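J.: Build the full structure now, drawing on both the sequences and the hints.
So the chains spell out like this:
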Amino acid sequence: AQSVTQLGSHVSVSEGALVLLRCNYSSSVPPYLFWYVQYPNQGLQLLLKYTTGATLVKGINGFEAEFKKSETSFHLTKPSAHMSDAAEYFCAVSDQTGANNLFFGTGTRLTVIP
Amino acid sequence: DGGITQSPKYLFRKEGQNVTLSCEQNLNHDAMYWYRQDPGQGLRLIYYSQIVNDFQKGDIAEGYSVSREKKESFPLTVTSAQKNPTAFYLCASRGTGGTGELFFGEGSRLTVL
Chain A
1360 AQSVTQLGSH VSVSEGALVL LRCNYSSSVP PYLFWYVQYP NQGLQLLLKY
1410 TTGATLVKGI NGFEAEFKKS ETSFHLTKPS AHMSDAAEYF CAVSDQTGAN
1460 NLFFGTGTRL TVIP
Chain B
935 DGGITQSPKY LFRKEGQNVT LSCEQNLNHD AMYWYRQDPG QGLRLIYYSQ
985 IVNDFQKGDI AEGYSVSREK KESFPLTVTS AQKNPTAFYL CASRGTGGTG
1035 ELFFGEGSRL TVL
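Residue numbers (the working numbering), protein chains in the order written: chain A, 1360 to 1473; chain B, 935 to 1047.
These are computed hints drawn from the structure, not numbers from a lab. Just so you know, these numbers come straight off a predicted model, no measurement behind them. Ideal Cβ placement from N, Cα and C applies to all residues, glycine included. Accuracy of the hints is not assured; some may be wrong.
To be verified - With beta-carbon atoms standing in for the labels, derived distance ranges:
1. A:I1419 with B:G1031: 16 to 26 Å
2. B:N960 with A:T1436: 30 to 40 Å
3. B:E996 with A:T1411: 19 to 29 Å
As the list claims (entries may be wrong) - Listing some non-contacts, in silico: residues in chain B with all C-beta distances to chain A over 12 Å:
4. Q951
5. S956
6. L977
T.: Here it is, written out as structure tokens:
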């Protein structure tokens, strides 16, 4: 069965500082991995995804994530935080079975301090 | 523009009343999903449908019902049997094949008074 663990339900960083949001997954098959962002009272927007190939994936708004199979991790990073990055971030894994459903982590709320 | 439209955005309901949330997509996607979101619990799958006239229960289907009579539409009814219906509800869709990426609507916030 697939599952996702996001370490830290709340993360605070100063504006201009490195953003690091952690995600570890459990999957019995090679996973597809996703990061989504959610602004208050809105739906989820895809930031980036890993399917196959290059393990360092670049997404929108300057975010990137690296798939590390040996560590079963897919951490999200951004070199320099901006006030507009304040939001909730969700990591998700696809089970690649017949239903191909996504399993979501519980989310990490990012606060950016001016 | 292609996308997913959920309505209403905000809804208030008295206890004991059923309420239906609308979800319409013009992305020509086969699969559609309903999630419930509560603070600190992430997204939990209520129902999903991979094709017209067929749907399956997710992890928390009790107290909810759905229909899929048209490819574009996947309405969710929150029945009076749902003990704690106050939540943010998200509809999503996905095309055939691909990598499992979901496209989400803007959500509907239901409050039971």
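J.: Tell me the numbers of any earlier hints that the structure contravenes, in ascending order.
T.: Those not satisfied are hints 3 and 6.
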